[in-house]
Amino acid sequence: MNCERQEWIDSYLFGELEGQERRRFETQYATDEAFRAEVDLQAEIMVGINSYCSDEEKIQPTKIISMQNIRKIFIATAAAIAFFLMVQITLTNISTPQQMIAQQTANETRVIKDNLNDFEETKPIRPRHPIYLRLAYVALSFS
Amino acid sequence: MRYSDHILILKIRCGKPQEADAALRQIRKQSFDMICAWICRNNGRRADAQDIFQDVCINLVQNIRNNKYQHKAKLTTYNFRVAQNLWFKKLRKSGRNIPIDTFSDVFESPINIEEDLIVKERNEILHKYLGRLSQREQEILKLHCFERQKMSKIATIMGFKSEQTAKNFKCKAMKKLKKLVFVGGRSCTLRAM
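Taken in order, these protein sequences are the chains called A and B. Okay, so the first sequence: first residue is 1 according to the numbering used here, each after it adds one. Okay, so the second sequence: first residue is 1001 according to the numbering used here, each after it adds one.
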C-alpha cells in the first residue's frame, strides 16, 4: 500500500474528508472488499495505538505522582520537625510577665542567700586548739 | 453502510458531530434490542431500557473521548455489560428486588464470548508489536494517531528535515506494524477456529 493511500484512509478516519472526496471513499469502502479490509485494519491499529498510549499515560503519571508524593511527604515532615524545634526554642527563651517576675524574685532570693552565705563564711571561726593543749587543759581542771 | 467497531470508535473520537451521531445510530441498531430484551426480562419496561441505553451511550462517548475506553471486547458486549450494571444499580436504588434468575442470565447473555476473546487477543497482539517498534517509530505513531499532531509539527518536534520525510517515516512505521499485526492476528484467528 502506498503512502498516499494510507494518508487518504487516515484523513477519512480522522474525519477530515469532505464532500465529493468523502463520498468517493465511502463508495469504494462499500464496494471494494480489499479496500474495506485495509481500512478496517488501519482503524484497528489506530484504536490500538490510542489504547496503548492511554495505558502508558495512565502508568506514567502514577509513577511521577508517587515520587512527588514521597518528596512532598519528606519535605512536609522535615518542615514540621524544624518548625516544632524552632517553636520549642523560642518558647524556652520567651517568657510571660508573671514568669519574668517570678524569675526576678528568684534571682533576688538567690542574691540574699548568697549574701547570707558570705556573711556566714565571714563570721570568725573559733580557733581549734591542738589535742595536747586540750588534754593539758583537762588535766589542769581536774587538779 | 455498516462500519466495523474500530471505525465507529474513531468516528466518535475524532469525527464531526454528524459522524458521531451516525456512529451512535449504528450502535443503537446493534445493541438496543439485545439490551431492551434483557431489561424487559428483568423487571423492566421498554421505557427503562431507553433510559438505560441513553446512559450507556453517554458513558461510551465520554470514555472514548477521555481516552478511558479499552477495546477488549466487541462494542455490543461492552454496551451490554454497562447496561447490566446500570440496571442492577437502578434496581438496588429503587428497592426493587433483583430476581434470582438475573444472575444466571448474566452468564447466559446473548454475547459471543469467542468473538470477544479474538478481539481481546488481537488487541494484546497489537500492544505487543507496538512495544517492539523502535522508540522513534512509537513516538511518531503516538504523535500522529493519539495526539493528532499535524505532520509539519511532528517534523519539527522530531527533528526531520521536512514534512515529507516525516510522512515517509510514519508510513514505514505503519507498514511495519500492519505487517506484524496481520501475521500475528491471522494466527490468533486461526487458533480460535
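Wrong hints could be hidden among the right ones.
As the list claims (entries may be wrong) - If you want a taste of the chain B side facing chain A, the calculated C-beta under 7 Å gives, among others: (1) 1014; (2) 1113; (3) 1126; (4) 1127; (5) 1141; (6) 1143.
These aren't lab readings, by the way, just hints derived from the structure by calculation. Beta carbons are placed, not taken as given, at the ideal position from N, Cα and C, and that holds for glycine.
Cross-check of the supplied hints:
no., hint, result
1, 1014, "5 Å, holds"
2, 1113, "20 Å, violated"
3, 1126, "4 Å, holds"
4, 1127, "5 Å, holds"
5, 1141, "5 Å, holds"
6, 1143, "10 Å, violated"
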